[in-house]
Amino acid sequence: MTTDQGGTVATVTYRDAVRMALQDALRRDPRVFLMGEDVGRYGGCYAVSKGLLDEFGPERIRDTPLSEGGFVGAGIGAALGGMRPIVEVMTVNFSMLCLDQILNTAATLRHMSGGQFSVPLVIRMATGAGRQLAAQHSHSLENWYAHIPGIRVLAPATVEDARGMLWSGLVDPDPVIIFENVMLYNMSGELAEDAGGVAIDRAALRRRGRDLSLITYGGSLWKTLGAARQLAGEGIEADVIDLRSLRPLDDATIMESVARTRRAVIVDESWRSGSLAAEITARIVEQCFWSLDAPVARVCTAEVPIPYPKHLEDAALPQPAAIVAAARAVMGR
Amino acid sequence: MGVFRMPSLGADMEAGTLVEWLKQPGDTVRSGDIIAVIETQKGAIEVEVFESGTLERHLVEVGATVPVGTGLAVIRSDGTPAGAHNDLPPVAPVAVAPPSAPATPPPLERTALAGSFGPKASPAARRLAQERGIDLDTLTGSGPEGAIVFVDVEQAWLRRGASVVTGPAKSSGVDGMRAAIAAAMARAKREIPHYYLGHSVDVSDSLDWMGRWNDSHPPADRLVFSALLAKAVALALDGFAEFNGQYRDGQFHAAAQVHLGIAIALRGGGLVAPAIHDAARLSLPQLMTALRDLTNRVRAGRFRGSELADSTVTLTSLGERGVDWVQPVIYPPQVAIIGAGAIQRRPWLVGDSIVPREICQLTLAADHRVSDGHRGGLLLREIEARLQAPEAL
Amino acid sequence: MTEPEIRQILLEEIGNVAPEIDLARLRSDRDLREELDIDSIGFLNLVIALGRRLGVEIAERDYPRLRTLESSLAFLAEITGPRARA
Numbered sequence: 001m002t003t004d005q006g007g008t009v010a011t012v013t014y015r016d017a018v019r020m021a022l023q024d025a026l027r028r029d030p031r032v033f034l035m036g037e038d039v040g041r042y043g044g045c046y047a048v049s050k051g052l053l054d055e056f057g058p059e060r061i062r063d064t065p066l067s068e069g070g071f072v073g074a075g076i077g078a079a080l081g082g083m084r085p086i087v088e089v090m091t092v093n094f095s096m097l098c099l100d101q102i103l104n105t106a107a108t109l110r111h112m113s114g115g116q117f118s119v120p121l122v123i124r125m126a127t128g129a130g131r132q133l134a135a136q137h138s139h140s141l142e143n144w145y146a147h148i149p150g151i152r153v154l155a156p157a158t159v160e161d162a163r164g165m166l167w168s169g170l171v172d173p174d175p176v177i178i179f180e181n182v183m184l185y186n187m188s189g190e191l192a193e194d195a196g197g198v199a200i201d202r203a204a205l206r207r208r209g210r211d212l213s214l215i216t217y218g219g220s221l222w223k224t225l226g227a228a229r230q231l232a233g234e235g236i237e238a239d240v241i242d243l244r245s246l247r248p249l250d251d252a253t254i255m256e257s258v259a260r261t262r263r264a265v266i267v268d269e270s271w272r273s274g275s276l277a278a279e280i281t282a283r284i285v286e287q288c289f290w291s292l293d294a295p296v297a298r299v300c301t302a303e304v305p306i307p308y309p310k311h312l313e314d315a316a317l318p319q320p321a322a323i324v325a326a327a328r329a330v331m332g333r
Numbered sequence: 001m002g003v004f005r006m007p008s009l010g011a012d013m014e015a016g017t018l019v020e021w022l023k024q025p026g027d028t029v030r031s032g033d034i035i036a037v038i039e040t041q042k043g044a045i046e047v048e049v050f051e052s053g054t055l056e057r058h059l060v061e062v063g064a065t066v067p068v069g070t071g072l073a074v075i076r077s078d079g080t081p082a083g084a085h086n087d088l089p090p091v092a093p094v095a096v097a098p099p100s101a102p103a104t105p106p107p108l109e110r111t112a113l114a115g116s117f118g119p120k121a122s123p124a125a126r127r128l129a130q131e132r133g134i135d136l137d138t139l140t141g142s143g144p145e146g147a148i149v150f151v152d153v154e155q156a157w158l159r160r161g162a163s164v165v166t167g168p169a170k171s172s173g174v175d176g177m178r179a180a181i182a183a184a185m186a187r188a189k190r191e192i193p194h195y196y197l198g199h200s201v202d203v204s205d206s207l208d209w210m211g212r213w214n215d216s217h218p219p220a221d222r223l224v225f226s227a228l229l230a231k232a233v234a235l236a237l238d239g240f241a242e243f244n245g246q247y248r249d250g251q252f253h254a255a256a257q258v259h260l261g262i263a264i265a266l267r268g269g270g271l272v273a274p275a276i277h278d279a280a281r282l283s284l285p286q287l288m289t290a291l292r293d294l295t296n297r298v299r300a301g302r303f304r305g306s307e308l309a310d311s312t313v314t315l316t317s318l319g320e321r322g323v324d325w326v327q328p329v330i331y332p333p334q335v336a337i338i339g340a341g342a343i344q345r346r347p348w349l350v351g352d353s354i355v356p357r358e359i360c361q362l363t364l365a366a367d368h369r370v371s372d373g374h375r376g377g378l379l380l381r382e383i384e385a386r387l388q389a390p391e392a393l
Numbered sequence: 001m002t003e004p005e006i007r008q009i010l011l012e013e014i015g016n017v018a019p020e021i022d023l024a025r026l027r028s029d030r031d032l033r034e035e036l037d038i039d040s041i042g043f044l045n046l047v048i049a050l051g052r053r054l055g056v057e058i059a060e061r062d063y064p065r066l067r068t069l070e071s072s073l074a075f076l077a078e079i080t081g082p083r084a085r086a
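Chains as they are written, first to last, in the UniProt record's numbering: chain A, 1 to 333; chain B, 1 to 393; chain C, 1 to 86.
Incorrect hints may have been included.
To list a few chain B residues with every Cβ distance to chain C over 12 Å, as calculated [claimed, not checked]:
1. Gly26
2. Ser52
3. Glu61
4. Lys189
5. Asp221
6. Tyr247
7. Gln361
8. Thr363
9. Glu384
Now the stretches of chain C that chain B is said to cover, found in silico as 3 or more residues with beta-carbon under 8 Å [what the hints assert, rightly or not]:
10. 15–27
11. 31–39
12. 67–80
To be clear, the hints were calculated from the coordinates, so they are not data collected in a lab. For every residue, glycine included, the Cβ atom is placed at its ideal position computed from N, Cα and C.
Whenever a hint applies, use it, and build me the whole structure from the sequences.
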């Protein structure tokens, strides 16, 4: 298969794309190394780093103890010392143990040193529910990090972004957190064989419509696109915005869309209260108030610990049916 | 004690934007003073106050767009103590109730509050309605919870017969003026049963007389033919009440004076027809001064609200470089408009000889609900007679 | 007054009565009122302004000499000339 530009493309999974990104970074820059729980001999909790230990050896693919505060702190120190560490935190729930390192150290050092030190660290975290991993492994806490000045927060939703955002994050002189939704690892997509870094400043319009703006990111993108297809069958054409960058938010893309469609529904797998969806709602009201034709709507996760049983887990999360219902409501149908 | 309110500067105006305050708190104002500049679809308009006293305070900030009737400033009449403005809603005085009587919430205030929000309408719908002069109370909503949304206003605008504005809506400038003209002209053609008359008038004597006048006067005191025409029309209307006035609420209201609207084309597009007040009473030089002043102010984008709203009849003149004749459209709520084509040198029968004469084709469009063709013809003849006795103008 | 000065004043006053006209594109041998799209009041404004700026009174019978930009320059030079030499 070939691309428009004549290059070849291959069908790969999101997991493959992340692994390709890791391999590429490790090959290109000797300062890059990967560190985390079970990333080496076990090949990664989600099999992302499978085979990397054989290719790059234990100096660069480092298994760590179950101590997020310790190994994230070590990653910050390595970055300060001139390395380009990639630290994997198994799930965002566990990152609460290293929140102190991220918030109080990584995000502040440039500021507190008067610009003398920077922390070129990339932290990868799995996030999201849907695999029946219950209430301690399933939450979406991206908004906690998107709240913090001094770090950049990315959410690749496509294989192209999974392949490209890691390198762009490594090039950034400040800490970057990349959230990989666990439901995406098995998803397949087409990827150019010469794919590389991608721009990480802008949101992407994944579908174009005239009637409302569906704004989402990460694992919810595909549910939202599914809902948009169903809505199109009812004559409602939706813009679908993939935020890609959760901090900073690309206001321009959001506002251009909402000013055009006059209606917005935000789909966000985190809990509604204090969510990114709330932040985006506020920005729309601040910047687009006079263009609105309906109250801004949100489709978020029920405010409960994520349940273990499959039917309850599904019921707690944003699903296409709920997105369709919210879209109909803002259309007055 | 009075409140200076956003005036209605024409039948289609629903709201205006305050552009500039020309009087500040503490300033003395006299009835007729220009107090503010208001931006409407027709352009920036200077508005007068009709009360004398002291401007106590502004109620609206520069830049705000508010509906017609909204209080803009408090005018304290001469002799009224400062601060006596309790007819204003924002500062309702709190009554001190005796302790035994339970405080009764004032029910009227609540009603007034609910009413002031009007029907449920989205911000986008409200903005568009304001820009296009659509009354939200007349619409049925199709949005969430029955709210009026953007498309409802757009549909109403299209139903009203105005031209379709494509692309992003603009609130002022030529597009706004185009929308205003579209609304007024569509209304004229929809509501007013026009009839049309035409008459060729020999204006050679007028031009000769004007040439002699101009030879003996410096440029600033010279006349143009439009001034003679305006005076002739204003004088002729004296005996033709059914052409001078406004048609409102299903009936004609004759006007006591001739407020002669002058159609003025703007450089860059669009036109407006502000009035020269009581034109029949002005001497020809005064009328000429008024005409020049009005034209220059209109082209500079500044004219007064009362000049726009209270024309009783309109004159449209194609000018020296125009074409032979015009079949004009009445500007509602007026009931007549007089057109003048470009003056052309033509072979003309005078007695039994063919001689070159200066000919102007006068036309009249009038409202058949109010007048008939026979009287219209007499009016054109009367204008002709006035033009042929220029020394009496 | 020199011809460049007169020209400068003429163009300035044309700019005042027809502000959106690109003076560089004005054709000097065409009817000025057509070129500028001005009516009798606009033309009268121009005559008044030129009279004031140049210190002369332009008679109505001389209006035909203001037909084009070229003829206007020649005419204005003529009526301001003798005084300039004085």
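Hint-by-hint comparison with the structure:
1. Gly26: holds (36 Å)
2. Ser52: holds (34 Å)
3. Glu61: The claim holds: B/Glu61 sits with its nearest Cβ about 31 Å from chain C, beyond 12 Å.
4. Lys189: holds (26 Å)
5. Asp221: violated (10 Å)
6. Tyr247: holds (30 Å)
7. Gln361: For B/Gln361, whose nearest Cβ neighbour in chain C is about 17 Å away, the distance exceeds 12 Å, so it holds.
8. Thr363: holds (19 Å)
9. Glu384: holds (21 Å)
10. 15–27: n = 3 at 8 Å, threshold three: holds.
11. 31–39: As far as the region 31–39 of chain C goes, the hint holds, because 4 residues have Cβ atoms under 8 Å from chain B.
12. 67–80: Per the Cβ count (0), the hint is violated.
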